[in-house]
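Letter by letter, the chains look like this.
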Amino acid sequence: MTTQMPPAVVLRNAELLLDGSVGAAGSSARLAAFLARQALEELVAERCIALNAEAPQASMRSRLVILRSLDTPARADAAAVAWNRLSNVCHHHAYELAPTVAEVRHLCGVVAVLLESG
Amino acid sequence: MTTANRDAERSLDEVVWDAIDEDTNLPDAAKYLVLAALEGDDALSKQIGGTEQLRTRPETASGPAEEPVGAFLTSISVAGFRGIGPKAVLDLHPAPGITIVSGRNGSGKSSFAEALEFAVTSSSYRWKNKAKLWADSWRNLHSPDPCEVRVGLTVEGSEPTVVAVDWPIGATLHDNEAWTQTGKQKRTVGTDELGWKSAVELHRPILSYDEIGGLVEDSPSTLYDALAKLLGLDEIADAEKRLTAALKSAKTARQCANEELRQLKEIVAESADERAQTAVTQLKKRTHDLDEVLALATGSGSAVASTLSGLRRCANLAVPQKPAIDMVVADLRVAVADTVEHAGDALSVVEQRSDILDRAIQLHSETGTIECPVCAAGVLDDAWATQSRTRLAEQNSKLGKYRKSRRDLDNACRAAKELLNELVRLETVEGPELESLIRYRDSVAAAQGAPTGVTELAEHIEKTLPAVIDAANAVREEAAVAIAEQEDTWAPIAGRLMTWVNLERDARLSDDTVKALDAAKRWVAAHAAELRNQRLEPIAEQAREIWSELRQESNVDIGSISLEGSNTRRRAVLKGSVDGVPTEALAVMSQGELHALALALFIPRATTPNSPFRFIVLDDPIQAMDPAKIDGFIRVLSKLSETRQVIVFSHDDRLATAIRQLAVNARLVEVARETGSQVCVAETLNQATRYVDDVRALVLDENVPDEVKRRVAPGLFRLALESAAQQVYYAKQHKAGESRVDTENRWTSVKKTRAKIALAVYGDAEKPLSQWQILREGRKATLNIANAGSHVGADMSITRSEVNDLRKTVDGILAE
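Listed in order, the protein sequences are those of chains A and B.
Heads up, the first sequence is in the numbering used here, so the first residue is 1 and it goes up one at a time.
Heads up, the second sequence is in the numbering used here, so the first residue is 1001 and it goes up one at a time.
Hint data in this document are derived by calculation from the structure and do not stem from the laboratory.
Worth double-checking, as some hints may not be accurate.
The calculated SDA-like cross-link candidates involving lysine to any residue, where the alpha carbons are at most 20 Å apart (straight line), are [as the list claims (entries may be wrong)]:
id : chain 1 : residue 1 : chain 2 : residue 2
1  : B       : Lys1639   : A       : Met60
2  : B       : Lys1265   : B       : Arg1505
3  : B       : Lys1752   : A       : Val113
4  : B       : Lys1417   : B       : Ser1365
5  : B       : Lys1639   : A       : Glu41
6  : B       : Lys1251   : B       : Pro1609
7  : B       : Lys1515   : B       : Arg1754
8  : B       : Lys1751   : A       : Val113
9  : B       : Lys1639   : A       : Pro73
10 : B       : Lys1265   : B       : Thr1298
11 : B       : Lys1639   : B       : Gln1591
Note that the structure is predicted; figures quoted are calculated from it, not measured.
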């Protein structure tokens, strides 16, 4: 786990991967999605702590509900949308195409909402 | 959005009035024609016919435009139509918010959309075209009867309204009975009562996938036409067409006249007739004197040609007739004989003697018997006097007879000479030669060369005049024939001349109309482009806003949108840029981008403030969108759903899944189709119950500390209760026809959860909830949790049972 690395750095790495400036040709989108999801999970955990509702073992669903109740609607929405989408992207689906670079870049942007004023 | 809109919302009439008022070069007659042409065929023909002259600008409401009363959908009930067999009802929430109706392909969801579209827009042009494809398959195969559509609506300031279509057994699609009923009032035929006819065309609250897609994927003219229709621009095109047609028909009079003139010029140029030459000169003039031409044609007035007058004189030649001549000759002969008889006496001697005798008798009567002063031998006595008087009387009688015969002879001579002198001398006639004319002239000359002797005169007359009569007869006949010949060639030309004069008169009457029509047509053509783009600009601006949400990762930027060309060359031009390089946007866009663009173009129209429709229905809008665009699309929908009832039919669950993640006021409805076209509709997500589900998930998660649960739960309880209360309150208000704006204001002015529930349950925020609280178990506890501050948290553990209470309470509110 790269939990020691700050989420902003993780997200930045994901974006660099998408830009093609670091290795991994071909599946960069999916790799970046993994990184973005890690950053997102870390950010959500940080938000929970900031909101004085720390629940280290709780499921992501529960944490998103905590944000829904205690955080702003914009952050709650961004976290929920991004996590749902990224989780989808991070699994292999028989009937869905691999995510495009553009799509993952868009999701990184959604995750970045949580970075702001965070 | 709203300021830009106002201009687009001004009626076309107003915009045109403004433009016309500014234009000082356009004559009034042409201005009126432009306005009449915009109004319609009847108005235009009346304006041309002159039965309607002045047009005055209609009064326009000043001040900020008021929003019209709005309508929300409460339900769509369908039976025996398309994919729906037995009656199925899609209940809708009559308030702003999003409803996603999802279902597999063929589940019947599109049948709801189509039924709605048909009921609301059945009279529209588009539907008639679509019906062709549909002719055989619109009625449900499994259960064709009853076949009906009922659309429930709430209308601001009015009771709930039903728009319905019934099809009797065996009826065709358009052979239906459509009616509208407000509250319990009498049903009225069609939807006219709602006054939606033009609004449906203008705002198009129902947009389907194939329609949207077709707009941008087909030819550029399709997009042009669709935009033109939405902007009310085809009114301009229609006006132009009307003017063109009117101009064409008004020009026919002038064209006929000119064509006739052209032919006429040829005809008269070829004709040998002298009048034709005059006609040539007449017709050559720049401005024709129609009266003169007409006189020439009819042969009246000064225009009669000399040839013809000469011939006419010949034809009317008058000579003495035989009886008259015989009488003159006889008189002459008698007079001559008389004179000869009396001339034997020495007339003058007799006269002198009579004179002397007369005087002697007079002397004697004065003096009595006296010596004769003449001979001095005799005596003039009484006997002499008596004898002399007798003699004198005899001599005087003889003398009188003589004098009379001399007078008679003179008279007879004069008559004879007059007879000869009166013979008409004919000049040589121009044109056709008359053979007998010379003979006539010779005979007249012979007749007039009369001898001096009186005795020979009678003989001379008897000898020469028959020749004159004979020749004159010949001249008359010949002249008559010549005249007839000339008339035969002239008559058709005269006829044509008269025809032309009549045509030219008509043409002159219509010349002013043609001039005015031409000016009107030019004006419309010149201003059409300007009017088009002026009306398009606000739409284009909103489209760019929406596009900026939808485009997401698209590298296509949209600049100006304009409508160019006309007729077969008409097209919508979207200027844009790809990564900063200018280009025509349509050409470089992908299918999905085109689709998003079409939505961006058409959503603004459906949601302009003056639309009476508070709902917008989108049938499968996201088919070709990738996930990033769906996010943008949802943002667009969320924004719309703040003020509009947004209903989206979707065949996949991507939209539903995405919407579940957001805190927008959304409801998810699933449509499923079973055998025999039995269609079931089930609500799978309500925003209120979604919050309940969130709490449940949290509570069931054993890894969340109890303390966190207590802190988090109150906020979600509040969201769940308030969401349910809001839905109920809005629906109640709208069904009662209350003002939408008032409803919103009252709702937002109430802050406390308790008061909001009171508003929903009793319609009165002040009313205490104690009665309602004790009606069901758990309501009081639920409200207490909801009222706990999120900093402190609930004063009790939140468990499964509290969540169940919340669920029951929410259901209880929703059932109000």
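For this session: Take a quick look at whether Lys1417/B and Ser1365/B sit within 20 Å of each other, Cα to Cα.
Result: 49 Å, violated
For this session: Mind checking the alpha carbons of Lys1752/B and Val113/A for me, to see if they're no more than 20 Å apart?
Result: Violated, at about 30 Å.
For this session: Given the hint that Lys1251/B pairs with Pro1609/B, test it: the Cα-Cα distance must not exceed 20 Å.
Result: 45 Å, violated
For this session: Please work out if Lys1265/B and Thr1298/B have their alpha carbons no farther apart than 20 Å.
Result: 18 Å, holds
Problem set entry | Proposed proximity, Arg1505/B with Lys1265/B (alpha carbon, max 20 Å) | It holds: about 18 Å lies between the C-alpha atoms, which stays within 20 Å.
Exercise. Taking 20 Å as the top limit, are the C-alpha atoms of Lys1639/B and Gln1591/B close enough?
Worked result: 25 Å, violated
Exercise. Has the given pair, Lys1639/B with Met60/A, been kept, meaning a C-alpha gap of at most 20 Å?
Worked result: Between Lys1639/B and Met60/A the Cα gap is close to 28 Å, so the pair fails against 20 Å, i.e. violated.
Problem set entry | Holds or violated: Lys1751/B to Val113/A, with C-alpha atoms at most 20 Å apart | 29 Å, violated
Problem set entry | Holds or violated: Lys1515/B to Arg1754/B, with C-alpha atoms at most 20 Å apart | Roughly 75 Å between the alpha carbons, so the hint for Lys1515/B and Arg1754/B is violated.
Problem set entry | Straight-line alpha-carbon gap Lys1639/B to Glu41/A, limit 20 Å | 28 Å, violated
Exercise. Does Pro73/A lie within 20 Å of Lys1639/B when you go C-alpha to C-alpha?
Worked result: Holds: Lys1639/B and Pro73/A sit about 14 Å apart, inside 20 Å.
Checked against the numbered hints above, the structure violates hints 1, 3, 4, 5, 6, 7, 8 and 11; every other hint is satisfied.
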